[in-house]
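Chains as they are written, first to last, in our numbering: chain V, 1 to 114; chain U, 1 to 106.
To be clear, the hints were calculated from the coordinates, so they are not data collected in a lab. Among the hints, erroneous ones may be present.
Derived coverage of chain U by chain V (criterion: at least 3 residues anywhere in the stretch with Cβ under 8 Å from a Cβ of chain V; other residues may be distant) [to be verified]:
#, segment
1, 46–52
2, 55–69
3, 73–83
No more than 25 Å apart at the CA atoms, straight line, and that leaves these computed lysine to aspartate or glutamate pairs for DMTMM-like [said to hold, decoys possible]:
#, chain 1, residue 1, chain 2, residue 2
4, U, LYS1, V, ASP7
5, U, LYS42, V, ASP7
6, V, LYS57, U, GLU15
7, U, LYS42, V, GLU83
8, U, LYS42, V, GLU44
9, V, LYS14, V, GLU28
10, U, LYS68, V, GLU44
From a predicted model like this one, the values you see are computed outputs, not experimental measurements. C-beta atoms are modelled at their ideal positions from N, C-alpha and C, and glycine is treated no differently.
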Amino acid sequence: DTGVSQDPRHKITKRGQNVTFRCDPISEHNRLYWYRQTLGQGPEFLTYFQNEAQLEKSRLLSDRFSAERPKGSFSTLEIQRTEQGDSAMYLCASSLPGGMNEQYFGPGTRLTVT
Amino acid sequence: KQEVTQIPAALSVPEGENLVLNCSFTDSAIYNLQWFRQDPGKGLTSLLLIQSSQREQTSGRLNASLDKSSGRSTLYIAASQPGDSATYLCAVDMRFGAGTRLTVKP
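The whole structure should be built from the sequences, with the hints applied where relevant.
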């Protein structure tokens, strides 16, 4: 499978715990994006990378959220001290460089904070 | 800040009807507009990408148009089928609307 992959697909955690999600983009795609989606809403932009550089970060991404893409390939999204409001689907997408290229999405990681 | 709005929020039609979904945006300085389909509990599937210099794109029964000056895009679905039932999302660069939930009844 050469599409965008995400791991894990589901995560249940207790409030206050830290969680980390991984995204593997399509191999030739330099850009990688993270979004968060809650029920009945469209995805909300969180951040994006070109290669290893984090080029934009939403104000939605509080200090408890951090994303990395250390070698310009896979990326991780970490949430520290999770809260119930963090429960959502976390989506990753990738594209070729430049603002005019199609984004391809992974299946998402569903986070439930109890 | 770019705001993206989709109308209607939900739409139910009988099989075979042609239909139009609407997307509006507030900032005309865009790179591209992309239409997606999302089935319940699943990720997003790309349907059509319109780059800022283009006016429309077509794929099979789908046709999407873009009018940057008025901040509008439409997705036209011809001869709808029950398998078209899903949520349709419009994305302007990295900003999404809330989607239109489409139900096509047999």
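Each hint tested on the structure:
1. Check result for the segment 46–52 of chain U against chain V: holds, 4 residues qualifying (beta carbon to beta carbon below 8 Å, three or more required).
2. Under the rule that three or more residues need a Cβ within less than 8 Å of chain V, the assignment of the segment 55–69 of chain U is violated, with 0 such residues.
3. Check result for the segment 73–83 of chain U against chain V: violated, 0 residues qualifying (beta carbon to beta carbon below 8 Å, three or more required).
4. A C-alpha spacing of about 31 Å is found between LYS1 (chain U) and ASP7 (chain V), which places the hinted pair above 25 Å, so the restraint is violated.
5. Straight-line distance between C-alpha atoms of LYS42 (chain U) and ASP7 (chain V) comes to about 14 Å, which keeps the hinted pair within the 25 Å bound.
6. Between LYS57 (chain V) and GLU15 (chain U) the alpha-carbon distance is near 43 Å, which puts this suggested pair outside the 25 Å criterion.
7. Restraint check for LYS42 (chain U) and GLU83 (chain V): satisfied, since their Cα atoms lie roughly 23 Å apart, inside the 25 Å limit.
8. Between LYS42 (chain U) and GLU44 (chain V) the CA atoms are separated by roughly 16 Å; this keeps the pair inside 25 Å, and the hint holds.
9. A threshold of 25 Å between alpha carbons decides the hint, and for LYS14 (chain V) with GLU28 (chain V) the separation of about 37 Å lies outside it, so the pair is violated.
10. Annotation: proposed proximity of LYS68 (chain U) to GLU44 (chain V) holds, straight-line Cα distance about 22 Å (limit 25 Å).
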